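Novice: Here is what each chain is made of, one letter per residue.
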Amino acid sequence: MAGTRSRAWKRGPVIFSSYTYVVFLALAWGIHTLLSARFRNVFLIVTSYIFYATWGVAAVPVLLAITCVTYALGLALAKAKEPERWLPWSVGLLLLPLLYFKYRVFLWSAVAGAFGEATPADTLTAWAPLGISFFTFQAIAYLVDVSTGEPPLRKLSEFFLFKAFWPQLVNGPIIRPGEIADAIAKRETPDATNVVEAWSRIARGLFKKAVIADMLGPYVELVFAPHARLGITDAWAGTIGFALQIYFDFSAYSDIAIGSALLFGFRFPANFARPYLARSIQEFWERWHMSLSRWIRDYVFSPLAFAARRSRGLSLASLVFAMALCGLWHGPRWTFVAWGLMHGLALVGERLGGRTPAKSTPIRNFAGWLSTVTLLLFGWVLFRATSLTHAGHMFSSMFAFRGGLRPQALRENALLTIAAVATATLVIEMVLPRLSRRSAQHRDAVGLSIVKGIAYATLIAITIVFESKSTAFVYQQF
Amino acid sequence: MAQSPPKQRAGAFIAAFTLAFAALNYGASRAAAALHAARDRDLMLLRHVPGAVPHYDWSCGEDLGSALPAVPDARTAPLVLISGMSQTYAINDVHEGALPLPDRLDASLARRGVRAFGLVAPNLQNEEALLMLVAMLSRPETKPRAWLYGLCFDKLRNVDVRPAMLRFLAAHPEVQTHWDHLCDEDTTAFPLACERIKSTSKHAAEEQPTTTTAIGKIEENTRNAAGTVIPLTRDRTALNAAGQTKIYELRNWLLRIRTTTERPIIPARYQLNMDLLRLSVRIAKRNNIRPIFYIIPLNPEAKAPYRPEEYEAFKREASAIAQAEQIAFANLENAVPEGEWGLLYGQPDFKHFREAGHTRLAETLLRTFDSEWQALAPARGNVGP
Numbered sequence: 001m002a003g004t005r006s007r008a009w010k011r012g013p014v015i016f017s018s019y020t021y022v023v024f025l026a027l028a029w030g031i032h033t034l035l036s037a038r039f040r041n042v043f044l045i046v047t048s049y050i051f052y053a054t055w056g057v058a059a060v061p062v063l064l065a066i067t068c069v070t071y072a073l074g075l076a077l078a079k080a081k082e083p084e085r086w087l088p089w090s091v092g093l094l095l096l097p098l099l100y101f102k103y104r105v106f107l108w109s110a111v112a113g114a115f116g117e118a119t120p121a122d123t124l125t126a127w128a129p130l131g132i133s134f135f136t137f138q139a140i141a142y143l144v145d146v147s148t149g150e151p152p153l154r155k156l157s158e159f160f161l162f163k164a165f166w167p168q169l170v171n172g173p174i175i176r177p178g179e180i181a182d183a184i185a186k187r188e189t190p191d192a193t194n195v196v197e198a199w200s201r202i203a204r205g206l207f208k209k210a211v212i213a214d215m216l217g218p219y220v221e222l223v224f225a226p227h228a229r230l231g232i233t234d235a236w237a238g239t240i241g242f243a244l245q246i247y248f249d250f251s252a253y254s255d256i257a258i259g260s261a262l263l264f265g266f267r268f269p270a271n272f273a274r275p276y277l278a279r280s281i282q283e284f285w286e287r288w289h290m291s292l293s294r295w296i297r298d299y300v301f302s303p304l305a306f307a308a309r310r311s312r313g314l315s316l317a318s319l320v321f322a323m324a325l326c327g328l329w330h331g332p333r334w335t336f337v338a339w340g341l342m343h344g345l346a347l348v349g350e351r352l353g354g355r356t357p358a359k360s361t362p363i364r365n366f367a368g369w370l371s372t373v374t375l376l377l378f379g380w381v382l383f384r385a386t387s388l389t390h391a392g393h394m395f396s397s398m399f400a401f402r403g404g405l406r407p408q409a410l411r412e413n414a415l416l417t418i419a420a421v422a423t424a425t426l427v428i429e430m431v432l433p434r435l436s437r438r439s440a441q442h443r444d445a446v447g448l449s450i451v452k453g454i455a456y457a458t459l460i461a462i463t464i465v466f467e468s469k470s471t472a473f474v475y476q477q478f
Numbered sequence: 001m002a003q004s005p006p007k008q009r010a011g012a013f014i015a016a017f018t019l020a021f022a023a024l025n026y027g028a029s030r031a032a033a034a035l036h037a038a039r040d041r042d043l044m045l046l047r048h049v050p051g052a053v054p055h056y057d058w059s060c061g062e063d064l065g066s067a068l069p070a071v072p073d074a075r076t077a078p079l080v081l082i083s084g085m086s087q088t089y090a091i092n093d094v095h096e097g098a099l100p101l102p103d104r105l106d107a108s109l110a111r112r113g114v115r116a117f118g119l120v121a122p123n124l125q126n127e128e129a130l131l132m133l134v135a136m137l138s139r140p141e142t143k144p145r146a147w148l149y150g151l152c153f154d155k156l157r158n159v160d161v162r163p164a165m166l167r168f169l170a171a172h173p174e175v176q177t178h179w180d181h182l183c184d185e186d187t188t189a190f191p192l193a194c195e196r197i198k199s200t201s202k203h204a205a206e207e208q209p210t211t212t213t214a215i216g217k218i219e220e221n222t223r224n225a226a227g228t229v230i231p232l233t234r235d236r237t238a239l240n241a242a243g244q245t246k247i248y249e250l251r252n253w254l255l256r257i258r259t260t261t262e263r264p265i266i267p268a269r270y271q272l273n274m275d276l277l278r279l280s281v282r283i284a285k286r287n288n289i290r291p292i293f294y295i296i297p298l299n300p301e302a303k304a305p306y307r308p309e310e311y312e313a314f315k316r317e318a319s320a321i322a323q324a325e326q327i328a329f330a331n332l333e334n335a336v337p338e339g340e341w342g343l344l345y346g347q348p349d350f351k352h353f354r355e356a357g358h359t360r361l362a363e364t365l366l367r368t369f370d371s372e373w374q375a376l377a378p379a380r381g382n383v384g385p
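As you go down the protein sequences, you meet chains U and A in turn. Note that this note's numbering has the first sequence beginning at 1, numbered continuously upward. Note that this note's numbering has the second sequence beginning at 1, numbered continuously upward.
FYI, nobody ran anything at the bench for these hints, they're computed from the structure. In this text, all values refer to a predicted model and were calculated from it rather than measured experimentally. Hints should not be assumed to be uniformly reliable.
Some chain A residues near chain U, calculated using beta-carbon distances under 8 Å [to be verified]: (1) Ala-12; (2) Gly-65; (3) Leu-68; (4) Cys-194; (5) Glu-195; (6) Lys-198; (7) Ser-201; (8) Ile-215; (9) Tyr-306.
Cross-link-like lysine to aspartate or glutamate pairs, in silico, DMTMM-like; alpha carbons within 25 Å at most [what the hints assert, rightly or not]: (10) A:Lys-7 x U:Glu-197; (11) A:Lys-7 x U:Glu-412; (12) A:Lys-155 x A:Glu-249; (13) A:Lys-7 x U:Glu-188; (14) A:Lys-303 x A:Glu-355; (15) A:Lys-246 x U:Asp-191; (16) A:Lys-315 x A:Asp-275; (17) A:Lys-315 x A:Asp-370; (18) A:Lys-303 x A:Glu-338; (19) A:Lys-303 x U:Glu-412; (20) A:Lys-285 x A:Glu-185; (21) A:Lys-143 x A:Asp-186; (22) A:Lys-315 x U:Glu-412; (23) A:Lys-155 x U:Asp-145; (24) A:Lys-303 x A:Asp-370; (25) U:Lys-155 x U:Asp-145.
All C-beta atoms in this analysis are idealised placements derived from N, C-alpha and C, irrespective of residue type, glycine included.
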């Protein structure tokens with residue numbers, strides 16, 4: 001998965017962590033700043049389509065068509081007397097391209113499999129426009145919001161920008177109109193503080209991606225190779241490595257996306273909040289890919305749970321269903337469905353167990369954290385494996401003492417690197433809130449700004465020296 | 001602390017950032033030359049006289065493509081491919097004009113009408129050695145008649161083909177075609193090796209030259225342009241190597257690791273490498289190339305970082321492969337005596353010898369495998385160097 005995509009930038013697209021993107025961003029920001037406010041939206045639409053076209057010109061008409069259809073449906077739903085009657089048809093219409101491009105082979109093979117037919121060989125190779133899951137879900141959210149009384153974006157240029165704005169186009173975060181409508185309408189120039197914050201965030205993202213995530217990639221790939229011979233140490237280390245890789249990779253992407261948007265005056269909501277410190281799966285989903293989990297909660301789980309409010313069993317079943325759907329959203333593979341189901345069942349277990357933070361003690365907290373992290377790791381095995389059989393092989397390696405504790409595939413340096421990154425991540429994420437609180441007391445001091453300036457210069461220098469050429473983001477495939 | 005307006009704080013940040021970044025670049029620019037020299041020293045690369053004729057790949061695996069034009073024409077004289085890790089080319093306590101193993105072998109074999117050329121790289125593992133063989137046999141003018149390969153036990157801990165070699169594979173369709181069909185007949189017999197070869201093909205495809213796409217060209221040009229104004233970008237290779245070395249030194253210091261610290265084999269990697277070795281023999285023979293394997297010499301003064309039982313098992317297995325496949329094989333671990341070796345980090349270097357060691361090893365190889373060279377030598381008067 002990560003391996004097959006990892007060097008995709010060489011096939012053409014502009015990757016967020018490439019030199020080209022940094023230059024593109026700086027140029028776009030410079031021109032945008034010089035332009036009069038009334039031309040800015042059009043300028044951003046054009047640059048967004050240019051950016052998207054580098055990922056494949058063939059995908060541009062799909063984005064354009066979904067944008068036009070969503071715009072028209074939004075206006076129609078806003079005018080309709082009974083929008084809730086038309087909403088399911090509208091959503092169904094928007095889902096058609098997603099089902100066709102991303103899930104047709106999967107659905108066909110599932111149907112064929114049920115009748116004992118062979119699975120088509122190209123299950124995983126069907127072409128789909130990049131980011132189609134993200135912009136389809138965003139469009140659905142827009143229509144649902146409009147049908148429940150939110151005002152639609154009436155100006156075509158504003159709607160086009162909402163749909164195509166490149167920092168959120170390919171990998172999210174899944175932005176709702178209400179979150180950027182004001183910024184689209186006002187088109188103000190960000191002040192110096194926001195510009196510094198934006199570039200600092202981009203620098204953090206580049207460091208996380210180019211130095212940490214890309215460094216872990218080869219180790220993970222080695223362990224998750226389909227026929228790798230693994231010992232217990234390799235299997236656990238590789239899984240921990242993947243947990244870290246996907247976190248740094250995706251949160252790096254989010255940092256660069258959020259920072260890029262801020263340069264143009266758009267403040268996107270945070271997408272990650274120290275997820276591996278979560279003490280329950282529920283808490284994890286409040287900290288991990290927050291824009292997607294909010295989407296699933298508001299547009300899938302809540303309506304289902306409301307419909308099933310009289311039956312606790314059905315309500316819990318809707319939770320499992322929502323999480324399975326969340327898994328399937330990541331791609332047409334049973335491993336993703338299994339990952340979603342596992343999370344759904346864990347959430348159900350927590351609800352039945354009645355775990356509440358109010359009753360927390362240090363021991364309970366630690367036990368909660370340990371059990372959550374362990375479950376998450378099992379989940380990441382399902383997520384990263386190429387098939388359920390492969391996942392089974394990984395699980396058996398995680399629990400079989402073949403060859404004792406001695407690594408069978410990874411070198412000592414890989415083990416040390418994974419252990420160092422894991423420890424540093426936990427320590428930094430535990431200490432960071434305290435440091436932030438302390439620095440907040442001095443946030444007006446020039447001295448602190450100087451220290452931060454030096455720290456970020458060092459971070460950029462390290463990124464330049466240690467980056468292993470810009471590789472595509474793991475999450476880009478979803 | 002004093003309150004200051006946002007603009008002032010932003011200004012302070014930008015000024016500090018700019019000054020610090022400029023200082024770091026200045027430092028990088030000043031250190032670059034020394035770091036490049038240190039990198040060459042760490043890799044024990046020889047400084048070559050301009051205009052000299054190479055008898056091995058002077059880039060040491062970093063630019064295989066540039067080495068191939070220097071290979072003596074295999075259509076006019078039988079060619080021996082010498083593959084090996086750093087011992088093959090590195091000379092401890094080197095002096096001006098010192099010659100490593102490939103130069104010496106070529107000079108001696110040329111007198112018999114046979115030529116030799118070395119494709120070498122530090123930490124060479126068996127898949128890379130196979131790739132070198134395939135690179136040579138893919139073109140008639142470089143197709144060897146014999147393949148001399150020094151087996152090094154600790155290199156069997158390595159499995160990744162270095163990016164430079166992947167790039168070479170991607171840029172040479174004739175080699176890629178051969179590589180892709182290596183396992184056509186052997187998938188069942190060598191499952192591990194064949195799976196690995198397939199995976200390497202995939203990685204090579206991802207290493208297609210960046211200049212094949214418009215954005216790839218832009219990225220390449222942007223990086224080059226950035227390199228002209230940002231010393232950190234321009235000298236990142238040397239800075240990266242220096243940084244990695246520091247990290248290793250820190251690791252060694254923290255964990256008290258020395259050059260003699262025992263390094264056990266990593267079973268899956270070892271098995272994969274041995275599977276690749278067996279497959280390499282099969283491929284060489286199928287292409288009428290005589291494989292000639294030897295266990296490389298080790299310094300008798302230095303404690304090797306091997307587990308004795310694992311090393312013994314490796315030697316037995318290598319010998320068994322040679323017997324089963326009826327190929328030339330010798331254990332030369334004691335071929336270079338005390339006094340012909342050098343130092344590494346102030347301790348006896350267990351793998352790299354002085355020039356005398358190269359002379360000694362060349363003589364031993366010529367003597368030990370004399371029948372092989374004789375079999376290669378053309379009938380007098382037919383062909384010559």
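Novice: Which numbered hints does this structure break?
Specialist: 2, 3, 4, 6, 7, 9, 11, 15, 23, 24
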